[in-house]
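Novice: Listed here are the chains, written in short residue letters.
Protein chains: 2
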Amino acid sequence: MREFELLEHVYAANAELARHVRIGPGDDMAMVDLDGGRLLVAVDQIVAGKHVDLDTTPLELVGRKAITRSLSDIAAMAGKPVASLVAVTLPPDFGSKRATTLFDAMRKTAADYDCPLIGGDIAIHNENSHPLTCSVTVLATPSGEHVVTRDGAKVGDGVYVTGRLGGSLLPDGTGHHLTFEPRIKEAIELYRHLGTNLHAMIDISDGLGRDAAHIAEASGVSIQIDARLIPCRPGIEWRQAASEGEDYELCFTAPGELPTNMFELEVTRIGEVFDRKEPEKSSRGEAGGGSRGVVFLDGASELPGDELGWQHES
Amino acid sequence: MREFELLEHVYAANAELARHVRIGPGDDMAMVDLDGGRLLVAVDQIVAGKHVDLDTTPLELVGRKAITRSLSDIAAMAGKPVASLVAVTLPPDFGSKRATTLFDAMRKTAADYDCPLIGGDIAIHNENSHPLTCSVTVLATPSGEHVVTRDGAKVGDGVYVTGRLGGSLLPDGTGHHLTFEPRIKEAIELYRHLGTNLHAMIDISDGLGRDAAHIAEASGVSIQIDARLIPCRPGIEWRQAASEGEDYELCFTAPGELPTNMFELEVTRIGEVFDRKEPEKSSRGEAGGGSRGVVFLDGASELPGDELGWQHES
Chain A
-2 MREFELLEHV
8 YAANAELARH
18 VRIGPGDDMA
28 MVDLDGGRLL
38 VAVDQIVAGK
48 HVDLDTTPLE
58 LVGRKAITRS
68 LSDIAAMAGK
78 PVASLVAVTL
88 PPDFGSKRAT
98 TLFDAMRKTA
108 ADYDCPLIGG
118 DIAIHNENSH
128 PLTCSVTVLA
138 TPSGEHVVTR
148 DGAKVGDGVY
158 VTGRLGGSLL
168 PDGTGHHLTF
178 EPRIKEAIEL
188 YRHLGTNLHA
198 MIDISDGLGR
208 DAAHIAEASG
218 VSIQIDARLI
228 PCRPGIEWRQ
238 AASEGEDYEL
248 CFTAPGELPT
258 NMFELEVTRI
268 GEVFDRKEPE
278 KSSRGEAGGG
288 SRGVVFLDGA
298 SELPGDELGW
308 QHES
Chain B
-2 MREFELLEHV
8 YAANAELARH
18 VRIGPGDDMA
28 MVDLDGGRLL
38 VAVDQIVAGK
48 HVDLDTTPLE
58 LVGRKAITRS
68 LSDIAAMAGK
78 PVASLVAVTL
88 PPDFGSKRAT
98 TLFDAMRKTA
108 ADYDCPLIGG
118 DIAIHNENSH
128 PLTCSVTVLA
138 TPSGEHVVTR
148 DGAKVGDGVY
158 VTGRLGGSLL
168 PDGTGHHLTF
178 EPRIKEAIEL
188 YRHLGTNLHA
198 MIDISDGLGR
208 DAAHIAEASG
218 VSIQIDARLI
228 PCRPGIEWRQ
238 AASEGEDYEL
248 CFTAPGELPT
258 NMFELEVTRI
268 GEVFDRKEPE
278 KSSRGEAGGG
288 SRGVVFLDGA
298 SELPGDELGW
308 QHES
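Residue numbers (this note's numbering), protein chains in the order written: chain A, -2 to 311; chain B, -2 to 311.
One thing to keep in mind: the hints can contain errors.
Just so you know, same-sequence chains aren't split out, so a pair can sit in one copy or run between any two.
Said to hold, decoys possible - Listed below are the simulated SDA-like cross-link pairs for lysine to any residue, each with C-alpha atoms no more than 25 angstroms apart in a straight line:
hint, residue 1, residue 2
1, Lys182, Tyr157
2, Lys182, Arg16
3, Lys77, Asp223
4, Lys151, Asp90
5, Lys47, Thr97
Simulated from the structure, these hints should not be mistaken for lab results.
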């Protein structure tokens, strides 16, 4: 069962959204109008055994990741955090002390990013073998009138990534996927410098190949990435860096030259936006199925993007 | 492990909430300020085997209940629905067809109550034995400047309930807990008629005894309920009606006489708000532990409210 197919079905049936819904499902966050104000909102979740290994991961980092995954969605929209809510289901033998540790970590992480935990629900599973699940809803406001979505990439734009990619999950279950910094501050700085020229953005959770494809599909363009330019973490080969996911760096497109020294974190131009080759723009329904619209060039050959990145089925 | 104790711990540590948080955790919904607009937000969840029995419940009703439980929180605050988001974890053998049925039911229910589904996340469990979990976040706006919370009950107020209570869960797992109407429309009508006189309100999810106690504790008052006045569903005795929960009717307090014929649904005066007998107002931390502050009178004896209602540990 694929998340995308299922969600696409829901989205398709949801075509007649109320007028106050400004951005419906399908981007990193949805947006609604509220008496003149605008609100960004998203939900994400972690499931023990899928996104975190409770045997090797301190609960402090489990709680941190639950929150930062959703915060990364705020970064993807260049949003400003407002507040967060959690819904947690615990195995009956989880224990109050461990539950408190988990909740404290979530509360503290949320507060650290100015996204205070303002509500929650706790349920208890019937069986000790049933896994901890933790869904986190985040609220944010856009940085300005222009809202940065996935669908604004334009032909001629440069394609950029922040930071370095790959190696987020170490063999022992630990790694950067537990300790990453959601790029909220950097996204807001990008917005401040680029304004409406910040054409499209996404956070890299599924892997560069797949996430760049989300931009390409949503924007109706094609993206060429020069594999040799991908900034990899030490010891990581580009194919791995482009496919593993859970980097939680930003991938964005913008025209012209970027200002230098926007912030301390490195920003690397890795490719360019081109006309779509396909005879017509693909429907959204096909977007999640592969990485059509993205090609990696390594100097010798072309590699279709759909051979990289993973199906986000978890 | 008790939800209240754990959440209270989080709330206590959360004392220094950002200024834009107008209502923090502890009520049916939290509220934040957004550039002048105000937003109510809450999350609730259902877990298969705990809140619904998948063996006896059509998936259409599972999806309906997932949404309506959260919509009932909007009713409790007299809010106007804005939008909803879901995070679902499915067993791997759940199947696309059943998942589609579930999501269609959630989408349709949300749309029926003007609370369109605008975002979601789907995760897949590792084991077929791991249960479906479904968390639903709802957004709403207050009906007016006065926001109806649990903590506004005043000495001399009448205590009222909408509809009829008890018998929500039939022995075969079906019943009103699956098919109830969240009282959004009625709550807005109450607000329209009573305005700032709608002092306190809650939806009856844990049982009248416990939920009236939430009002009493939060408001620092005591509530006396005349058990003989409790409107029970056919064949239900008052103790059962006051303790079972999952009625999703409204319990509220207001001074003076209520207007008649506010809406078709019956509204029954069942009690009155009195001074708190305890030497000092209990701390929030004690609120969840029992039903202190509520007494049921049946003409012959007094029954403390904490002998009714159930610990919401699920």
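Novice: Which of the numbered hints are not met once you compare them with the structure shown?
Specialist: Violated hints: 3, 4; rest satisfied.
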